[in-house]
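Student: Below, each chain spelled out in residue letters.
6 protein chains.
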Amino acid sequence: MTEKFLQPADATTIPRFADIATFLRTPRVEMSDAIDIGLVGVPFDIGLNYRSGPREAPGAVRHASRLIRRVHPTLGIEPYALCNVADLGDAPINPLDKDLSIAQIETFFAALRQRDIRPVAIGGDHTIPTPILRALANDSPVGILQIDSHADTLDEMCGTKANHATFMRRGVEEGLIDPGRVVQLGLRGSRFSADDIAWGYEAGFTIITFDEFEEMGRAAAIRRIAEVIGTDRTYVTVDIDGLDPSFCPGTPVPEIGGLTPRDTQVILRSLRGVDIIGADISEVAPCYDPTGITSVTAANLMFELVCLIADKIGER
Amino acid sequence: MTEKFLQPADATTIPRFADIATFLRTPRVEMSDAIDIGLVGVPFDIGLNYRSGPREAPGAVRHASRLIRRVHPTLGIEPYALCNVADLGDAPINPLDKDLSIAQIETFFAALRQRDIRPVAIGGDHTIPTPILRALANDSPVGILQIDSHADTLDEMCGTKANHATFMRRGVEEGLIDPGRVVQLGLRGSRFSADDIAWGYEAGFTIITFDEFEEMGRAAAIRRIAEVIGTDRTYVTVDIDGLDPSFCPGTPVPEIGGLTPRDTQVILRSLRGVDIIGADISEVAPCYDPTGITSVTAANLMFELVCLIADKIGER
Amino acid sequence: MTEKFLQPADATTIPRFADIATFLRTPRVEMSDAIDIGLVGVPFDIGLNYRSGPREAPGAVRHASRLIRRVHPTLGIEPYALCNVADLGDAPINPLDKDLSIAQIETFFAALRQRDIRPVAIGGDHTIPTPILRALANDSPVGILQIDSHADTLDEMCGTKANHATFMRRGVEEGLIDPGRVVQLGLRGSRFSADDIAWGYEAGFTIITFDEFEEMGRAAAIRRIAEVIGTDRTYVTVDIDGLDPSFCPGTPVPEIGGLTPRDTQVILRSLRGVDIIGADISEVAPCYDPTGITSVTAANLMFELVCLIADKIGER
Amino acid sequence: MTEKFLQPADATTIPRFADIATFLRTPRVEMSDAIDIGLVGVPFDIGLNYRSGPREAPGAVRHASRLIRRVHPTLGIEPYALCNVADLGDAPINPLDKDLSIAQIETFFAALRQRDIRPVAIGGDHTIPTPILRALANDSPVGILQIDSHADTLDEMCGTKANHATFMRRGVEEGLIDPGRVVQLGLRGSRFSADDIAWGYEAGFTIITFDEFEEMGRAAAIRRIAEVIGTDRTYVTVDIDGLDPSFCPGTPVPEIGGLTPRDTQVILRSLRGVDIIGADISEVAPCYDPTGITSVTAANLMFELVCLIADKIGER
Amino acid sequence: MTEKFLQPADATTIPRFADIATFLRTPRVEMSDAIDIGLVGVPFDIGLNYRSGPREAPGAVRHASRLIRRVHPTLGIEPYALCNVADLGDAPINPLDKDLSIAQIETFFAALRQRDIRPVAIGGDHTIPTPILRALANDSPVGILQIDSHADTLDEMCGTKANHATFMRRGVEEGLIDPGRVVQLGLRGSRFSADDIAWGYEAGFTIITFDEFEEMGRAAAIRRIAEVIGTDRTYVTVDIDGLDPSFCPGTPVPEIGGLTPRDTQVILRSLRGVDIIGADISEVAPCYDPTGITSVTAANLMFELVCLIADKIGER
Amino acid sequence: MTEKFLQPADATTIPRFADIATFLRTPRVEMSDAIDIGLVGVPFDIGLNYRSGPREAPGAVRHASRLIRRVHPTLGIEPYALCNVADLGDAPINPLDKDLSIAQIETFFAALRQRDIRPVAIGGDHTIPTPILRALANDSPVGILQIDSHADTLDEMCGTKANHATFMRRGVEEGLIDPGRVVQLGLRGSRFSADDIAWGYEAGFTIITFDEFEEMGRAAAIRRIAEVIGTDRTYVTVDIDGLDPSFCPGTPVPEIGGLTPRDTQVILRSLRGVDIIGADISEVAPCYDPTGITSVTAANLMFELVCLIADKIGER
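Chains as they are written, first to last, in my numbering: chain B, 851 to 1166; chain Y, 851 to 1166; chain G, 851 to 1166; chain V, 851 to 1166; chain D, 851 to 1166; chain F, 851 to 1166.
Treat the hints with care, since some could be wrong.
Which copy? The list can't say, so a pair holds if one copy fits it or any two copies do.
Unchecked claim - Simulated crosslink set (SDA-like; lysine to any residue; CA at most 25 Å straight-line):
| hint | residue 1 | residue 2 |
| --- | --- | --- |
| 1 | K854 | W1049 |
| 2 | K854 | D1045 |
| 3 | K854 | E880 |
| 4 | K1011 | D947 |
| 5 | K1011 | E1062 |
| 6 | K1011 | D860 |
| 7 | K1011 | Q954 |
| 8 | K1011 | G1080 |
| 9 | K1011 | R919 |
| 10 | K854 | I864 |
| 11 | K1011 | R866 |
| 12 | K1011 | P877 |
| 13 | K1011 | G1025 |
| 14 | K1011 | L950 |
| 15 | K1011 | P942 |
| 16 | K1162 | F1042 |
| 17 | K854 | F1042 |
| 18 | K854 | V879 |
| 19 | K1162 | D1125 |
| 20 | K854 | E928 |
| 21 | K1011 | D949 |
| 22 | K854 | V1078 |
| 23 | K1162 | Y900 |
| 24 | K1011 | T862 |
| 25 | K1011 | R1073 |
| 26 | K854 | A1044 |
| 27 | K1162 | A1076 |
Bear in mind the hints are in silico, worked out from the structure with no lab data behind them.
Every value quoted in this text rests on a predicted model; they were computed, and no experiment measured them.
Start from the sequences, fold in the hints, and give me the full structure.
Tutor: Structure representation (structure tokens):
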């Protein structure tokens, strides 16, 4: 049987533990117009100010994603029947040059956009939405769903403007983000100062702290996200530390008491129908993840995002 | 003081970290008519198609079960005051011969049944209910409570009929399972095809996917289990991957977003009064469990099952 | 800028991974009248009867607490603007002499009290509230909030009266604890005998087993705590095994199915306004905590307690 | 600059932690006549009778081999300047069918041979030389350098003839191995019976137990290997348990007191000039290798073997 | 076939990963006159002043010893053909009472001696030779081979005389040890004071520091041991920290730069013919041994000692 | 008793597992003229091009160094009787700015030099000798003993001149290093190109590759070091990857087959009498060191260096 679209490695002939590991077992190809969804690693982690490690995440998530199968259990979506999904390798970065790397990442994602490829990226630290948004949203600002324990709205950290704690402010300043279509979900954790998250309120973000999330319940939070974000062009960014570190310990800056993987799955599933232009899952640090569960979780969330985007593409 | 029944090692004279490790610190004896509940290892793990490791589970659960005490905290059951509970060692298996091992396991459990010993087994992979049910249920089909992320109703996998993904179909085909008295709880995870779990619906199983479980709530799920299964002869099988892998990471095929150990405890406790003819806890892979928490959980679930069966025996 | 009070190391000049690790990055000073809240290690772990390890907890929690910032995210409390908080080192103990160590701990905490320093201690095993309460509550009995899976009301264990399972009985017998103002929260786990927790009921404790906690819900439990304990002099003791061991695996005697870190945070936050005379977080065993999440949790709970006490001090 | 031969990923543009992991960062291509040296995984591990795990080795060694550079430090060989080296993926295997897998492996290696590709394989357990030799040596018997703690000359184990303890006997029986050109190096470890290794002596093998190795010294052992094996067609098989398990803990059956990685490097280097028709490195079990050092060692030994074979090819 | 002596579990019918774990897979029986060599755990670890953990060693070494087979590879000794070897469980100890435990250990070993059982013990910390020697050597002093990084000749530590740093002094003072027949091998590591090891010289011990061992070479060290100790009644005590902690990391007080497992094997083998009255392997801390290699090493050394003693018994 | 010099925490009153962890348990003080030897952390690790992690090394080595006692076992040196040794905290660095950090490190070490404090630093990656030498050797070039697997003589890496692979070239270029008094010991590992280490030969370095080290033997290597370096002003730099990664797995770029910790100890001890102006131990990555043995080794090597310098200072 010939398939219309690229297919992941077939587990009936290549066991899931066999051969090279690619994202979701999709083919590793170079970017081209034929690709609809590009799975991409961004092994950049020199934007961090506490523990390091996410440069290893693309490799670890490729490995963990070997166990993901083909069909979504709840939504019934089979992405590989709807469009071309492929592993496009990693964005180029220079491990010794932060600013150059940020430029390289932007160039890489701009090339994806030029070919109308929607990226689902595995970071890297949470600096990476800055260059990604510059590439994907430089003509008109997009909505953002940010799952995170930290607001990432500092003006600067350690005297620099580009790092893992500033992308949301940069994105608004640069006109890449529509503040009225932003939801920041899961914020918590001790703060450097009382107003760490204040900037977002002033900018017009909808902030659902973890306290608020717990109080309103997940269903209400999902409704709120839908109201704020709607279905227009949206970028989804999951800082894995938005999840509870008992579930996802492999992360540079763990903050106890967060979302469960289940919460995150269900919330992402609620985005069906939204025009997701791209997404990233960041701040996975395999060197702090002895059971591999953080990478397994990231791999599953990647599959959720691929299903959503494929479903939207399939509507065309 | 002489006890009427076999007693576990006394922690006041043998600290819980001391001496050989047996299941729940019960005596390691050979099977005999005197035994009522047999704690048994089934170190068979060559029915797997992804990661391996459960051959080590009986050893690891014996080690972890050293911390279990004598009395159930909620139900108040003290099994060792009600009947003879003992560690009967491991079922014989041949690590190089799948089919022979399956036959050996059946023979072993048939011998238990002949002596009217109710087994609580630690697998091994989830192939093992096939031979166990052949031994325990070959005269009339039984009800099944299956806690699992996967339906295990494939017809074949990798070209074989006997493996860790088929026991529920085999059991129905062979007349060992009463489909009308089956509950499959916790199903989730990406699927090979859209109808991975369809066979069970057609066979008449009651399926409570994790989505449904969450929506209905645990109490309603417990009521549904009671309605479907009743109190007649029932086999309980816990694939540890039915639980969330953040709680039980040591398993071959983790699927995020599942039951908690607490959920599982409470659901098992609801079976008080059911005629449980045997049970297994399978798919524990100690080599992926650096904290040991998966084995600790399995040991606690073993104690739950022992209490339920002892309580039923004590009614006589 | 000169600060009125001692300040933790400034993360803008000393990265959080840099320099010696002290509790919450506060200065390591010797005790003096100037100090209001003393952060103290009590590396005593020879009161245990199963696994060992908490002697390493003060070191591990100091290390983990490096990531805690300055301001409480929910309550808005900034303790270092309200009073002097400092790391006072570890209480002296003798690793080869249990009774001497208990006396040394008492002497150390008596010296803290004499200087009107409120201690937040990192144990050590759960023997340590005995000497701490002797030092802090020897003039009038105090209320107790005990988060724990075990009641710690045995009369003796292994033939000794002073160990990690007896401090609540000792405290009542010695007039240090007001039984009418005690809440024991989270009790669960298999028992040595049916009446392991009965002593507390008879003494007049308010016991909220984990079964009851789940049934009533967290909000009701918080109300019950407030009713029983009020706002008078209270000691807070958190046995980390009160939390679910999937969240906090690094503990000597794990009992599945407990409180989450989030539950614990929210419950502690409800104590705002209570006159907390001291607190401990005990039974953290770093050698069973490969991800460090248990220490991270303990560090966060320490910050919760510091905020509560500082807030109360700031009222003056 | 265009290169004459396939080149590994260039670390100056793709950092060594970036992109998909292939063996030694060589291109992942399908087998063809253009390839000279094929790097192949053989994720077969159902020939084991103690611990399991080597099915994960090809993946783990691909990951670890990312740090290997291009030029041999001692021999000065640069394999990628001499011939085409590529990652050809994994041999097909069926995780549920031992005999079928063995046949599949033979077919795969026969196809390599037909194309005159010399394989360097990462096992898999030590059953795999049986099918590999059937493919590579079925016309005339070859010499063998076996680095191993076990002789693998049993007639059968657990009632089967094909498993990880029999390949040397099978190879002689089937005329694939020239007993006069065999060296077994590193044998040690407790034995099932006194004559576990006797079969090899009778067959005419040269056996250098670890006792003898230590006594004669490495240089003399190298001379003895050269004398026995000469330079004709030779297969090299490294059971990683031939190395000391303190250096390589990730293996199913560790035997203390063996070769160091350095010993193994130097011994392999002494084979320069030998006509190596293929090689495998087997019995690496990543699930028992928390530091990854076993996979790092296997990756380095793979590079040694690639250099030797490339150097020989380059002579043509 | 009926065997004359007790036999370990047969790996051809019970795989080595199956059933309860006993030392070397020997039967777990109660002590009796029929037993010649008693394998015993001594889970005492409250004599330590730095890290803890050896209470878990008997369990971990039982688990690790499952891979040991029946015949010594170098000496050819098959202990189970020479005498009765059995696992006699663990000596009773009280985890909360150091002095009581020491008395209990003495009583247990005295009972062994009364039955003419030669013990090979797995500690426990290195306090345990004190009560063992009191039981085994109270009529006439014995020779000692001590492999250790520390001299254990302090007079007291932390104000106590009985702990893991004093047994050699206690043994001489109590007339249990013949100083002229003592070899201390492997001493090294930073010292509390310049004369930490001076007491032994004055007592007449033969001390081979690691510096001296390296300089003289292993063969000369073996000759020196033979000269000093001869073949009369001798007790062998291996503190696992005598070995290099890279090989045996699971120990309370690691000292870099020590003996290899191979060195230790060869040195023990040189004791063939010596009248070994008993032996212990102590200071194994499984909680610091993530690969299990320390326990594997201890299990192998236990087998070495069993072979030596069995060989001597077989001479009779 | 009052001591003439600063003393480390006394283990008889503060157990070695107690209180804050400082380097070698010395007091944490601010730099001043009174200090002779400054123990310093340099948590800089953004000069790496493969795995990251050494920013955590100062913390981990402080923790591990708790077990070091006061007196050198072989040399008999007691540094705390000879001069003032103290933990001076960590050099300031900015985790987001490589060049700024390098300048900050230089400033910090210049301040040490101004006070005539000899530093023993724990890195950080192997970029740090560049700023350290700029501070310590800017008036006249010094000799260098470099223990390392890599030559660190590249001109640039990833387009930058300052990183962990260039300090030796930079030092010569800047006149900080006397090439005629350089020994590079332990070089090995696959190379990017054939001339990776050629620059050093041309510069006049004495290079002892690991091959040469093994061939000549340690004693000859020590003699060669003495000949080349003499006793004049010398800087000692230990890249922990110079040691075999089986002994020290916690390092960014492991190269199998290197020096043992014992080799390193003995070689360092041979420097007694040399005028060591400072030293560093770099490239320790705790996140890849689950047993902690790499940090334990680094701590011991730090003590070796402190003893050497103190001994020299004591001569005055």
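Student: Which hint numbers does the structure go against, in order from smallest to largest?
Tutor: 1, 5, 8, 12, 22, 23 and 25
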